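Listed below, chain by chain, are the residues.
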Amino acid sequence: MQSTESSFENLRNDFPILKRTVRDNKRLVYLDNASTTQKPNQVIDAITDYYQNHNANIHRAVYALAEESTEAYEAARDKIANFVNVKNRQELIFVRGTTEAINLVAYAWGRPHINEGDIIVTTEYEHHSNIVPWQLLTQEKRAKLEYIGMNDDGELNLDDLDKYLATGKVKLVTFSLMSNVLGTITDAEKIIAKCKAAGVLTLIDGAQAVPHMKVDLDTLGCDFFAFSGHKMLAPTGIGILWVRKSVLQTMSPFHGGGDMIREVHKYETTWNDLPYKFEAGTPNIADVIGFGAAIDYLTKIGMDNVRQHEIELTTYAMEKFAKIPGLQIYGTKDITKRGGVISFNFADVHPHDVADIIDKEGISLRSGHHCAQVLMERLNVAATSRASFYIYNTKKDVDALIDSLNIVAKVFKL
Amino acid sequence: MQSTESSFENLRNDFPILKRTVRDNKRLVYLDNASTTQKPNQVIDAITDYYQNHNANIHRAVYALAEESTEAYEAARDKIANFVNVKNRQELIFVRGTTEAINLVAYAWGRPHINEGDIIVTTEYEHHSNIVPWQLLTQEKRAKLEYIGMNDDGELNLDDLDKYLATGKVKLVTFSLMSNVLGTITDAEKIIAKCKAAGVLTLIDGAQAVPHMKVDLDTLGCDFFAFSGHKMLAPTGIGILWVRKSVLQTMSPFHGGGDMIREVHKYETTWNDLPYKFEAGTPNIADVIGFGAAIDYLTKIGMDNVRQHEIELTTYAMEKFAKIPGLQIYGTKDITKRGGVISFNFADVHPHDVADIIDKEGISLRSGHHCAQVLMERLNVAATSRASFYIYNTKKDVDALIDSLNIVAKVFKL
Amino acid sequence: MSSGTDIYHEMIVDYSRNPINYGEIEDHDVTFHDSNPLCGDSIDIDMKIDDQKVSDIKFHGKGCAICMACTSVLTEITKGKSLEEVKKIDKNDILSELGLEHLQAVRIKCALLSLKVLKSALYTYLGAHLENTEGIDKLKTEAENLY
Amino acid sequence: MSSGTDIYHEMIVDYSRNPINYGEIEDHDVTFHDSNPLCGDSIDIDMKIDDQKVSDIKFHGKGCAICMACTSVLTEITKGKSLEEVKKIDKNDILSELGLEHLQAVRIKCALLSLKVLKSALYTYLGAHLENTEGIDKLKTEAENLY
Ligand SMILES: Cc1ncc(COP(=O)(O)O)c(C=O)c1O
Ligand SMILES: Cc1ncc(COP(=O)(O)O)c(C=O)c1O
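Chains as they are written, first to last, in the numbering used here: chain A, 1 to 414; chain B, 1 to 414; chain C, 1 to 147; chain D, 1 to 147.
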């Protein structure tokens, strides 16, 4: 597939929802992709096919359906391993999403390894799911949670990291590879290099990065990595936790139950091999298989093309935004350092009112704190409006957004 | 709908998978319903419709799609509340399945409430997911896990319960409402009455009961109740934890992240209202809605009819089984005290070999320990074969099973 | 103008820029804070109570135009009322005043956050000034049944 | 007879009822236990080692006909072999002996459980009898690369 506007225009046909209208017969302009993406027919059909033809519980039975479903489930694991360049499939654990992934680490790695006085370092632009689990853990263990600050362009101040590492007490540094509010792409290589030099583990929240750019875990060199399927064309309810094997081997079990055990006796139990030790109970089989179909779809497009498409759209949108008086964009303007997420405020109009008014024009835009209240405090705003793009968005969508902002200006007499 | 064999025969048309053949063009005879059930078109279509027309993240946005998906998601919660007669929807938490539900209780209720020397009581016929979480918890807290034994008919010996309650140290009694191996229906009322008298909380694993009989949580009177959607026509990846509000209010948060918070600051956070405090991150939205469709489907049939149909099938099967020399059935023969799950062993043939041979005839049967190794030890067997029925099974399916067992007899020269 | 912008009429826009009763009461008899976990709107209400009547009321916080307008209207309605009357203030009193009867579910939460804060403040005050402990259960039930 | 019952030929059925080398060795030089978490099959292998050779081998445990037949064949193959030769025993040595080359994935685990136990026993023995600690990393790598 060529990375031209017309080929991206064509793939809109794969997304049935884009054909519907909303409110007063308005064309749907879906710009909340950082929250969740729409699904192509290929993914929807994979789920349907699974239930119509193969559905059975996995791993335990010998009959035909069980054989087929187990194979499809494990094939999806291989596809995902390949997609983010993980060499050892035993390191990939299926979870509900990024939130469960990070909490799993906080419980199964954090509780055995974090002690009183230890420090966990996160950043000011994290999603709540990369803050609250560490608050809970550090409170329980009388450890400390510290924040890497950022400058006004939304770039991390790595001097803060040096300062914390120098204490010798840091056990984990955790950060998002792409901010879900500012779009900032974190300089992961630099952070990981510093942490490795200090013998400190790193966790990356890849929820925003993996859907929008090529990510290579083998070269990245972090120790934990989390992402969600639903933000990259896959169904809701499925995501990935990757953990380097040498670290995974030091983790306690998380959930107890079926499939994660080797032998259960009344008073003692032994554990199954990796990754199954961390996949207790009947997993979300159909959506794992749907995730595999989403990976196939993105692979066919090519992640470099996805990134290129978003760079084009974001550049176009930023130029248009710059011409609207009173419209303030947050984060860096350097397009090579940010993804296709644009947070803004429009004069003194509250983001909720912006979102509500333009919703009536068919524009689906997120307003609020975007699960990043710490960042809102840092930016000294109550909320922002946020437009975020994906493969099916076009310049026409950006134009529609700009037009709708004119209505906001009229209503609020700007 | 009338509870006649013919109306149950008709609803087979709703299940596309039942039309397919397996192995050498054999009719699919699906008898592993205790593991997971097949899905009717109504459920598959609900998922498809969600992705084709309404998909958006819930709770946080104002635009049209988000409004629709939030409404559908919360409507499913109401349907489920109604189905198991829960008066307060705040008490229903969406989880991946029974396993996650029980682990959530072990972490979020167990860790703040269980102390050294306390006792948690379970039973000998529990699924691993109602044993291992309590092993992990009691080991961490230096508490004790005790077992209510059972007689050779697979009925619990409640004298054991009395004995443990008499110590005054029991904090929780947990049991399955229906055994997934023996089919035993537990006398929950009696156990709960004893526990209430002793001021002890009760947890019920309803994974096998809710799909197969009317369950009324309002009259039952337990404190925690868990079940899985995929065992009752709903998609994989979705289940329910119900907790009595007064108990839920004493529980710590489980996962930290989006949607479960009220206000996040750098060093402290406050929690959202119930049930959202326990639903961190993007939930499995599509499958919640699919669960709602499954509830609609079962409600239309009527759970009393479901139970009646299974009683008829089980009676028929038990009579046929009784005539096969060397075939031993486990558990009570009293059909009013058991569900449509029949575990058996056939002479000296290992259950795996039984399952493998009859798979070639199209029969999907489970063999193994059924995630109940403690029970296998109690029965003094390595494994059993298990046939389990659901609404779409017919006497023809039972006949096919019986015929296939003749082949096993021939191969093993019985 | 499309139907959607109908709710953003003159009065709402004005109130959002010039809210009534905005500020703090230093020597308040009761204050309460709450926020909307979904959008981050956050409101504090301070009240002065004399003779079982709300002699003064002020609010501050951050919120959208709907939230600000509703809080303005609510505080205006509340001022001077007896505590028994405040108990009876209903969401429709606010919504109808502003023509917001048909708000969608998410926005209803913006519109009614201040009512929730007001009622919480009221029951906090009542709880703290109970003459005997007998009334506490009744109060609790009343408070629990609010939503 | 349908294709599926092909794997259940005479030899498999016989071995399942009358396994070879079944039992325990009281004065074994090494013993190892493992089980298949999915189905509960469980095997112990005991070995006597003399002059770097397997002078005796016995197994006990519970398993299906496939598991029992394969373990019988495996122990028969192993007996008398040098430890270096045991390292080289391959899954196909067992599967081909019993005509099980085309087993489905779940059943492969039944067929090869005993091979896993044998190799674990072997490396346990080798690890315990290392002459110096230098060889341990090589051993570990060999053991890790088994599956
Ligand atoms: C009685 C019982 N409890 C718990 C479970 C676990 O349910 P799930 O795998 O959906 O978490 C099962 C299903 O296997 C079961 O039968
Ligand atoms: C950066 C980031 N981390 C974590 C999450 C949480 O992902 P999920 O809700 O799928 O668990 C999100 C999505 O909202 C996100 O944008």
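In case anyone wonders, no lab produced these hints; they're calculated from the structure.
Owing to the predicted nature of the structure, the values given are computational and were not obtained by experimental measurement.
Backbone N, C-alpha and C fix where the C-beta goes; we use that ideal spot for every residue, glycine too.
Check before you lean on any hint, since a few could be wrong.
Stated by the list, open to error - List of simulated lysine-lysine pairs, DSS-like, C-alpha gap at most 30 Å:
#, chain 1, residue 1, chain 2, residue 2
1, D, K140, D, K91
2, B, K333, D, K62
3, C, K138, B, K245
4, D, K140, B, K413
5, B, K245, C, K81
6, B, K266, A, K266
7, B, K266, A, K169
8, A, K87, D, K119
9, B, K413, A, K266
10, A, K79, D, K109
Unchecked claim - Quick partial rundown of chain A residues pointing at chain D, CB under 8 Å, derived from the structure:
#, residue
11, L18
12, E67
13, K266
14, N272
15, M376
16, E377
Taking the hints in turn, this is what the structure says about them:
no., hint, in the structure
1, D:K140 - D:K91, "20 Å, holds"
2, B:K333 - D:K62, "28 Å, holds"
3, C:K138 - B:K245, "19 Å, holds"
4, D:K140 - B:K413, "46 Å, violated"
5, B:K245 - C:K81, "34 Å, violated"
6, B:K266 - A:K266, "43 Å, violated"
7, B:K266 - A:K169, "19 Å, holds"
8, A:K87 - D:K119, "24 Å, holds"
9, B:K413 - A:K266, "37 Å, violated"
10, A:K79 - D:K109, "23 Å, holds"
11, L18, "40 Å, violated"
12, E67, "6 Å, holds"
13, K266, "16 Å, violated"
14, N272, "4 Å, holds"
15, M376, "47 Å, violated"
16, E377, "48 Å, violated"
Checked against the numbered hints given earlier, the structure breaks hints 4, 5, 6, 9, 11, 13, 15, 16 and satisfies all the rest.
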